[in-house]
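Engineer: Using the sequences provided together with the hints, build the complete structure.
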Amino acid sequence: MDTARAHLDEPPAVAAVGIGVHGCASRAEVFLLPNLWQLHLYGYDADLTVGDTAHAIRPGRVSLIPPGTTVRYRYRGRSEHLYVHLRLGATGSPLSIPVIQDAGTELVPLAAQLHGALASWPHAAARATAEVWAALWRVAHLTPPRTAGVPATHPAVAAALAMIEARLAEPLSVAEIAKAAGVSHNHLTRLFRAATGESVVGYLRARRMERARHFLRATTLSIPAIAASVGIPDLQAFNKACRRELGASPRGIRAGLNGQRVVQPPGWP
1 MDTARAHLDE
11 PPAVAAVGIG
21 VHGCASRAEV
31 FLLPNLWQLH
41 LYGYDADLTV
51 GDTAHAIRPG
61 RVSLIPPGTT
71 VRYRYRGRSE
81 HLYVHLRLGA
91 TGSPLSIPVI
101 QDAGTELVPL
111 AAQLHGALAS
121 WPHAAARATA
131 EVWAALWRVA
141 HLTPPRTAGV
151 PATHPAVAAA
161 LAMIEARLAE
171 PLSVAEIAKA
181 AGVSHNHLTR
191 LFRAATGESV
201 VGYLRARRME
211 RARHFLRATT
221 LSIPAIAASV
231 GIPDLQAFNK
241 ACRRELGASP
251 RGIRAGLNGQ
261 RVVQPPGWP
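Residues in the sequence shown are numbered from 1 upward in steps of one, following UniProt numbering.
Hints in this document: simulated from the structure, not taken from any laboratory.
Since the structure is predicted, the reported quantities are computational estimates derived from the model, not experimental observations.
Where is the CB? At the ideal position from N, CA and C, for every residue including glycine.
Do not take every clue at face value.
[Said to hold, decoys possible] Between beta-carbon pairs, the in silico distance windows are:
| id | residue 1 | residue 2 | range |
| --- | --- | --- | --- |
| 1 | Thr-196 | Cys-24 | 47 to 55 Å |
| 2 | Gly-92 | Ala-126 | 36 to 44 Å |
| 3 | Thr-196 | Glu-176 | 17 to 25 Å |
Structural biologist: In structure tokens, the structure reads:
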């Protein structure tokens, strides 16, 4: 087995967190967990077989093995690793995650999250669960994430999407995004359209207006503050953008096109 499909859209149910000590009584172990996933962070060299697939364990590697999978370890002496045994839900689309991979530059924060879970377990189980859930997402993104049946997102597109979300309130050009993503303007344009079906500019505009819609409907922020928060501080331009993209003026959207009226404090626009 090379990959496992895991659902991470809801918190895991953590059954145990600890430090496993192996290779003392025997250099070889064969076992499975019928109903639990295994998350391990290694600090030693060993050999691991998951199902019928052989893998090498090295310091800094992390494994995520699904329930009911036979694992065979061959140790080279006393070996200790951080482990979490857990159950995963079935909400959302499954991610295809390598059963073992290098943590790379994520090793330090990943280890910190798992040590945090260990320190919190079992007296603060909710906090331990939060640490494990965050660690699972970190593991899922050590390599470009895959959803079942969906090609992996190109790293440049993933970088562009993250930059757009982080800088919706700022002026942002395609050239800046491409430079940050490490590709040319034209290459990003091609990759982005292939991955999302939209141009970079079109996607950026849509995300800004979705944020504006949310703030107009769900908050009492002033319209000028909302316009600035989505990178369109000119109120005339913001008004035109709302009419063009959302079908109504900012005041019209706020007035309750979704059937709910947001009551503003006295004196607010």
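Engineer: Compare the structure with each hint and give your call.
Structural biologist: For each hint, the structure was consulted:
no., hint, in the structure
1, Thr-196 - Cys-24: 47 to 55 Å, "holds, 52 Å"
2, Gly-92 - Ala-126: 36 to 44 Å, "violated, 21 Å"
3, Thr-196 - Glu-176: 17 to 25 Å, "holds, 18 Å"
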